[in-house]
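Working from the sequences, and respecting the hints, build out all of it.
Chains as they are written, first to last, in numbering that gives the first Met the number 0: chain E, 0 to 505; chain B, 0 to 505.
It does not matter which identical chain is meant; a pair holds if it fits inside one copy or across any two.
Derived pair list, reagent style PhoX-like, types lysine-lysine, alpha-carbon separation capped at 20 Å: (1) Lys5 to Lys389; (2) Lys25 to Lys66; (3) Lys25 to Lys135; (4) Lys384 to Lys358; (5) Lys103 to Lys81; (6) Lys103 to Lys91; (7) Lys91 to Lys81; (8) Lys5 to Lys384.
It should be emphasised that the hints constitute simulated quantities derived from the structure, not laboratory data.
Only a predicted model underlies this, so the values are computations on that prediction, with no experimental measurement involved.
Residues per chain are reported as follows:
Number of protein chains: 2
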Amino acid sequence: MAQKVKTAITPTREEDYPEWYQQVVKAADMAENSPVRGCMVIKPWGYALWENIQHELDDMFKASGVKNAYFPLFIPLRFLEKEAEHVEGFAKECAVVTHHRLEKGPNGGLVPGGPLTEPLVVRPTSETIIGDAFAKWVTSYRDLPLLINQWANVVRWEMRTRIFLRTSEFLWQEGHTAHATAQEARDRTSMMLTVYARLAEELLAMPVLRGSKSPAERFPGAVDTQCIEAMMQDRKALQAGTSHFLGQNFAKASGIRFQNAEEKEELAWTTSWGASTRLIGGVIMTHGDDDGLVLPPRIAPAQIVLLPIAHKEEDRPNVMAYVDQLAAELGQTLYHGRPLRVEVDRRDIGGARGWEWIKKGVPLRLEIGPRDIASDAVFVGRRDKAHKEKSAMGRAQFIAQVGGLLDEIQANLLARARAFREANTRPIDDRGEFYAYFTPQNAEKPEIHGGFAMAHWCGAAECEGKIKEDLTVTVRCIPFDAPEEAGRCICCGKESRRRVVFAKAY
Amino acid sequence: MAQKVKTAITPTREEDYPEWYQQVVKAADMAENSPVRGCMVIKPWGYALWENIQHELDDMFKASGVKNAYFPLFIPLRFLEKEAEHVEGFAKECAVVTHHRLEKGPNGGLVPGGPLTEPLVVRPTSETIIGDAFAKWVTSYRDLPLLINQWANVVRWEMRTRIFLRTSEFLWQEGHTAHATAQEARDRTSMMLTVYARLAEELLAMPVLRGSKSPAERFPGAVDTQCIEAMMQDRKALQAGTSHFLGQNFAKASGIRFQNAEEKEELAWTTSWGASTRLIGGVIMTHGDDDGLVLPPRIAPAQIVLLPIAHKEEDRPNVMAYVDQLAAELGQTLYHGRPLRVEVDRRDIGGARGWEWIKKGVPLRLEIGPRDIASDAVFVGRRDKAHKEKSAMGRAQFIAQVGGLLDEIQANLLARARAFREANTRPIDDRGEFYAYFTPQNAEKPEIHGGFAMAHWCGAAECEGKIKEDLTVTVRCIPFDAPEEAGRCICCGKESRRRVVFAKAY
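Below, the structure is given as structure tokens:
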């Protein structure tokens, strides 16, 4: 039947990218919408991806001296109000707990009872509640730096939600650090952005641009927000991680003070940084194809799936034994320091079986039947190649080369994504060209536009605002590596000294 | 200074057990109360303990075929109401979200805005919301068994809270499974109880009794609640994990139906099972002594702390190099399949340093000074022995024997706790003796009482209720291994066929 199906996913990316995305999530069985508005259920295949991202990030955090802790889900309203910009930034999307029990209502049904004297906000982020703890923990310069991370759920009541990319509840980590000097805090901000960039490029095979946000796009209350931005296949940008230098704003709001070596009291300098389950959406939209999910080997829940083939009942025991033995051997092989993750699919359901694993994005599929066993070989399909392009390999050769094969797939995915981004990034100096670049050519496909534009910007909020209003295009970042270069603002024509990245964004 | 201090913790366990507990938590820097009523902040030392418990449990779950997933934090009120006993059991302690934003109030401050059309309950447990997903996921017997776990925070609005033991928000895992037959679901219920018992005994060195709860103590909505019960050092019981056979109650409420092999529709049989951060409280109260926390090596955040001693500045480089080299070597040594967890404390703060690690409960403390280095030896202190009882060991010998030493400490802690429980468990057949056993001898120390009583109970809720009212003593469990034995109910004198465990409980 496989031959009749042109692509495993309908519609294709070109036909309808947003709908393709939903269908990939569904076909790979990663997540689904829940009956709770804007909240998702993360299914085992999606959650395993998140666990792998967690392990990798957690190891990098710990290697940099960060320790994990856990802070309350609820934030008293008065805490959130301590930092004016901060509460302003989150007030419109806060879930508020106002009661602490249910009681019989007038109609016999249950209604909220036991009103709280002070409403509690379900954390949208934890700067204020963690700041309160830090204020108690820090008294002397000897207590600094304080390097803390928490893995948690957060809630931001979004009006328009999309699985993984924008949900009312999502999972993330939020790091919070306090330092004795501004420089140390700035260095930590950069260091954690580098961790995110390494996660994105080395593990998710997702090339990213690194830079600072414009003031309008900063985290509410931050002095500097640094970010990594990736290009999705519809040429829109995805912010994939942020690291904030908070100056002394939150230290002042929470009272994080320390005695310096000269016994004088100072305010600490703080940072915060986060990455979330939205990264999973980024993986889907960076690598997925019209047959479904394509997973980078380093974070795939299964890197290899073994598909025993035994058309005759008498072949079954022999084939299964061979496959189980191979799975055990592979499972003991280390790949980048971790045991290979191997699945065996014993179901006898014909061609649908192989397609399921294609749609789930598993990097290597191994078909093993009696003839392969007779020649001590395996039949290998790679997810980064066409599904029909399979090749036989000797069993021993496969085991010896499996790490190299996976690395090759990983590198291919990264190179492919990088080439795509480069092909869809253009320096633009002319305002008309800029507007044309971001204006959909086809009214039926409003999502199709140019990509990333490297253009001059004078730095004025008015210009940024006008472009956003006209085109729904924003300054994604002021890249760290952009050379100084004289030019004129793409909007107002005033002088500018560097190009910034403009794009439509998720 | 250490010599002047009789014990590192004031008060001692005998002087005031509840206060001793709080002081141990504080001295080990494990957690603290938060400004949010009833919620705790779990600090790095406490959280690392939780992470180790998580890793061990997670491995055992996965080995039994369970997969992790994640479900929404919020439960619509109508879901909770689907199972009558269930909602009845949790209604009084639900945090209720009623609004989705903050807006300017009449006095200028922020107040809840955007009322929700249906209130959302912050999950106290997730049977109903997970049941809703299972109803969609299960259509055929081929979809069963469905074996899912989630690591999550839950909220139960408690009036009297105590760090780790009873907090309004806590961290836990909740497993949820659906099966085609009652027997399979019952088997899974028992299997997961065994996982908890293994965690408790093999890893936490906490001996437990296994049994079923009486109907009055069952999880709201369960047909059978199985539990593990441990004895704390104040002879009170701690429920350390529960596994519920839910029959078809929740399947009916959520509509989890499947077509059997004969193509007839049936209701599934479900289970749920959970263990939480309360286990950390159990570890503290099982092993702690008057010098603070005592950690079982298998789950200690650090199993070994290295304390370099260099009184003269010129010795420092040499001592530090030796210690770093030893730490690196130990960090590459596997202990029960995981790398040893080693801390090096470089601070030059005198005797206080060693005491800090005693209070944190680290199993092995190694003091290393120039003389030890000269004889290529280390000076070893064990947390399960008196703090002065240290002994020299050759470096190579230590490395060769470290796993054995840790196993010995682990076994000692378990044996000690088991002996304590046995010394404080008594079969009681006389009502007067039973009442005397549970009546405090000293009015100033109401917590001091007998311990566990193995007594006959007729099974009537009235008898159970009377004992609870008179003595605050409950049936902790109906033990699986109790032999059939004729006797008379300790309360009413009616016939009974087996003894149950009575105790005061956390």
